[in-house]
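K.L.:
Each chain, letter by letter, is given below.
There are 2 protein chains.
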Amino acid sequence: MSSPAVTYARQNHPRFLKELKDLLRIPSVSTLPENKGDCRRAAEFLAAEFTRIGMEHVRLIDTTGHPLVYADWRHAAGKPTALFYGHYDVQPTDPDDEWLSPPFEPTERDGNLYGRGTCDDKGQVWSQVKALESLMAADGKLPLNVRVILEGDEEVGGEGIAEYVASKPADLKADFALVCDTELFAPGLPTLCVGLRGMIYTELEVRGAKTDLHSGMYGGAAPNPFMSLAHMLAKLKDENGHILIPGFYDDIIPPSPEELKAWKSLPFDEEHYRKTEVGSRTLVGESGYSVMERTWARPSLDVHGIPGGFIGAGAKTVIPAKALAKVSMRLVPGMTPAKAFALYKAYVEKITPVGVDVDVRLIHSGDACLVRVDNPYIQAATKALHEVWGKETVFIRSGGSIPIVGDFDRHLGMPSVMMGFGLPDDNIHAPNEKYHLKNFELGIESIVRFLEEAGK
Amino acid sequence: MSSPAVTYARQNHPRFLKELKDLLRIPSVSTLPENKGDCRRAAEFLAAEFTRIGMEHVRLIDTTGHPLVYADWRHAAGKPTALFYGHYDVQPTDPDDEWLSPPFEPTERDGNLYGRGTCDDKGQVWSQVKALESLMAADGKLPLNVRVILEGDEEVGGEGIAEYVASKPADLKADFALVCDTELFAPGLPTLCVGLRGMIYTELEVRGAKTDLHSGMYGGAAPNPFMSLAHMLAKLKDENGHILIPGFYDDIIPPSPEELKAWKSLPFDEEHYRKTEVGSRTLVGESGYSVMERTWARPSLDVHGIPGGFIGAGAKTVIPAKALAKVSMRLVPGMTPAKAFALYKAYVEKITPVGVDVDVRLIHSGDACLVRVDNPYIQAATKALHEVWGKETVFIRSGGSIPIVGDFDRHLGMPSVMMGFGLPDDNIHAPNEKYHLKNFELGIESIVRFLEEAGK
Chain L
154 MSSPAVTYAR QNHPRFLKEL KDLLRIPSVS TLPENKGDCR RAAEFLAAEF
204 TRIGMEHVRL IDTTGHPLVY ADWRHAAGKP TALFYGHYDV QPTDPDDEWL
254 SPPFEPTERD GNLYGRGTCD DKGQVWSQVK ALESLMAADG KLPLNVRVIL
304 EGDEEVGGEG IAEYVASKPA DLKADFALVC DTELFAPGLP TLCVGLRGMI
354 YTELEVRGAK TDLHSGMYGG AAPNPFMSLA HMLAKLKDEN GHILIPGFYD
404 DIIPPSPEEL KAWKSLPFDE EHYRKTEVGS RTLVGESGYS VMERTWARPS
454 LDVHGIPGGF IGAGAKTVIP AKALAKVSMR LVPGMTPAKA FALYKAYVEK
504 ITPVGVDVDV RLIHSGDACL VRVDNPYIQA ATKALHEVWG KETVFIRSGG
554 SIPIVGDFDR HLGMPSVMMG FGLPDDNIHA PNEKYHLKNF ELGIESIVRF
604 LEEAGK
Chain S
154 MSSPAVTYAR QNHPRFLKEL KDLLRIPSVS TLPENKGDCR RAAEFLAAEF
204 TRIGMEHVRL IDTTGHPLVY ADWRHAAGKP TALFYGHYDV QPTDPDDEWL
254 SPPFEPTERD GNLYGRGTCD DKGQVWSQVK ALESLMAADG KLPLNVRVIL
304 EGDEEVGGEG IAEYVASKPA DLKADFALVC DTELFAPGLP TLCVGLRGMI
354 YTELEVRGAK TDLHSGMYGG AAPNPFMSLA HMLAKLKDEN GHILIPGFYD
404 DIIPPSPEEL KAWKSLPFDE EHYRKTEVGS RTLVGESGYS VMERTWARPS
454 LDVHGIPGGF IGAGAKTVIP AKALAKVSMR LVPGMTPAKA FALYKAYVEK
504 ITPVGVDVDV RLIHSGDACL VRVDNPYIQA ATKALHEVWG KETVFIRSGG
554 SIPIVGDFDR HLGMPSVMMG FGLPDDNIHA PNEKYHLKNF ELGIESIVRF
604 LEEAGK
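Note that the protein sequences, when read in sequence, are chains L and S.
Residue numbers for the first sequence, in the numbering used here: 154 to 609.
Residue numbers for the second sequence, in the numbering used here: 154 to 609.
Don't read these hints as lab results, they were simulated from the structure.
All C-beta atoms in this analysis are idealised placements derived from N, C-alpha and C, irrespective of residue type, glycine included.
Where hints are given, some of them may not hold.
Quick partial rundown of chain L residues pointing at chain S, CB under 7 Å, derived from the structure [what the hints assert, rightly or not]: (1) E358; (2) G361; (3) H367; (4) G372; (5) P376; (6) L386; (7) E392; (8) I396; (9) G432; (10) T435; (11) V444; (12) S453; (13) V456; (14) G462; (15) R483; (16) T535.
With the rest of the complex left out, here is chain L:
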């Protein structure tokens, strides 16, 4: 089924693509101080477009980081309100020499658009903007009320938007959020993400001697914080991927039998995943759970780095005075960051080896979240996606965290429709990021039809 807005979108698609390329040329790398001005330029580019297409109350909102972009259109009396969310900032481009075309010169190859931010998240943000334009231009109005909040700090923790959501919930009040920052489970397969893992990110500091010591003189008598850390880390998770923190698994709400059954029917080739996505000798993790269960519905624990000590080339015979491990845990529904951290901290203190002192610090955390698939907006999305893609929508989860989704739930009491159009091989956060051109096109149509359905 088509609609005037879909027809408008198809007719204007070449221009939409050209505009997206202009947005992609702005190197809005949020983590690099030298790109601060570019981040603001990207925000202004988007604000100007919102004004041009007829959105109202368009403004930049300053934060401790890069500005938020706000816009709204609220003239659909009696209709629900959608809050559009996306981010205009991008990841750094290093290693630059692995890009086949320049990261900030969007280039079409083989049905894809290559460049930093094509998929994560400018291409998807632009799909949202062009869906709004199509509806406004074809119908003279939107089928429901819309607020838009875009951020420029997603890749660096999103503190600015989190503070804004917490402190000004009334300014963003809506019935549901439309989050376009996820991916299709497989090419051509319409997908809604309905679950995210939460996390706690911690630092584990171990201190032994008062100063660095010579391992010849003191080896055998002085505590070695790296060795102590190894003993502690080995006791946090066994070699089979089972987390050993007492009580850690107690509160987990497992997926329903229906959800597990649905996951089993997803087109997933574990060997292909191992080879092309992970590239390791074997996959690891808890036995008795599928890859999807392990990455979506079971907590995990990873060490990200162990700064301190001697890290140069060659040899230095030092017993470092201290060592630090960056350790994070992914949490699943039922678990809370506060309890997970308390269990972890108590256990770490219990397993601290003799001779060293340990500090455990929480760096940041986010709640796990689960969206009920029987809510009307998910139903509307499913209907729209079926029409545009010609297939039944699959419901998946993501092992990652989108903290803003938890914030929307906690502070605004609304569910999120996570409708994304990336592909698993789009190389987000890596060289040669791409966005499938057909997905850019169908993404716009999907959002148009979703809004039309949700406004009914």
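The hints should help you fit chain S onto chain L, whose structure is shown.
P.N.:
Just chain S now, with coordinates in the frame of chain L:
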């Protein structure tokens, strides 16, 4: 008992100290490529001084690393030949912010000279040079034949000198070596070191996925090399300090009952050592062995650092593709580096966790060694030290490794007199390295008197 050379040394001491400071200002950090030129500069500084004081055949000898400095004076017909050994390279200075005065700006405080290399080993090398100058200036000749070989790679494994000793033994042929790179057991207590631990320094590289992965997406399925490394390290040594490598302890030759008895009579306060030298909550290590046994006569295993992964401030949710541990083991008489490494490598391969690949690399190694105390040069040294310090010499071992001492034994068939003047709290390899000014002075006199005795 004094001698004209001792008198000369005392009269010229202020100049000797000023010259040492000039040598210390050269940042000859052997492990840093950017200091390559400085290492050569330090070598040239020493060569020029040997020429100035009347040594002959002075030359730099190029190696795969930094140059060796050679000099000799061989006109004492019928007298034995001494081979002086020391090193002009120094350890890196990090962490720089812990130094109270700049590491390469030698600074006097409280009777000590602070700076990188003051004790290890430029201060002691300069004592050797100034002892030679004092004898030459006061007597117009030396009391025995002297060769000098100084290296600039001691802190990075000393490959250059090892190759030279192995390939050109005739060029260094002598009756004994005088190695000045050790310490007094306690302030004011003349000490000869008669045993050294050997070592193997290794890198343990663990590789998991083909590229860094997002810990949200892949946590629970992708191997984490840091976690694998923790499991492996925990299996190398238990929390009681016992090394778990099968066969590792098999060949150890324990100290004699007499030596153990002598160690028991050394002035050693374990609680004072723990508090002031180590500064840790408790000491660690194998139960049933004293601190001296653990650090001198038992092997040890230490981790020096674990480069790779995310080491910045804050949080990055990466599962690193690889991790690397710098691991070394100290060996004791009876053990050989070749066998220890083979046992370690075989065991590491056996305990490699599923999902990762491991490479074990030997970075460098050195033999343990033991000197007989009844040789005539040790007797001459004992006599000289008694005169200068007014006390009986104690015979100790060192937990550290001086690989060249093993090479001298193996390739030149000669014993080493390890006469050093550092103090246990001199912070070698650490911030605020120092050398006690009185020890610099008495060190020169000790060497002068030792040569006079050995030439009798």
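K.L.:
The structure should be examined with respect to each hint, and the outcome stated for every one.
P.N.:
Verification of the supplied hints:
no., hint, in the structure
1, E358, "violated (13 Å)"
2, G361, "holds (5 Å)"
3, H367, "holds (5 Å)"
4, G372, "holds (4 Å)"
5, P376, "holds (5 Å)"
6, L386, "holds (4 Å)"
7, E392, "holds (5 Å)"
8, I396, "violated (10 Å)"
9, G432, "holds (3 Å)"
10, T435, "holds (5 Å)"
11, V444, "holds (5 Å)"
12, S453, "holds (4 Å)"
13, V456, "holds (4 Å)"
14, G462, "holds (3 Å)"
15, R483, "holds (5 Å)"
16, T535, "violated (24 Å)"
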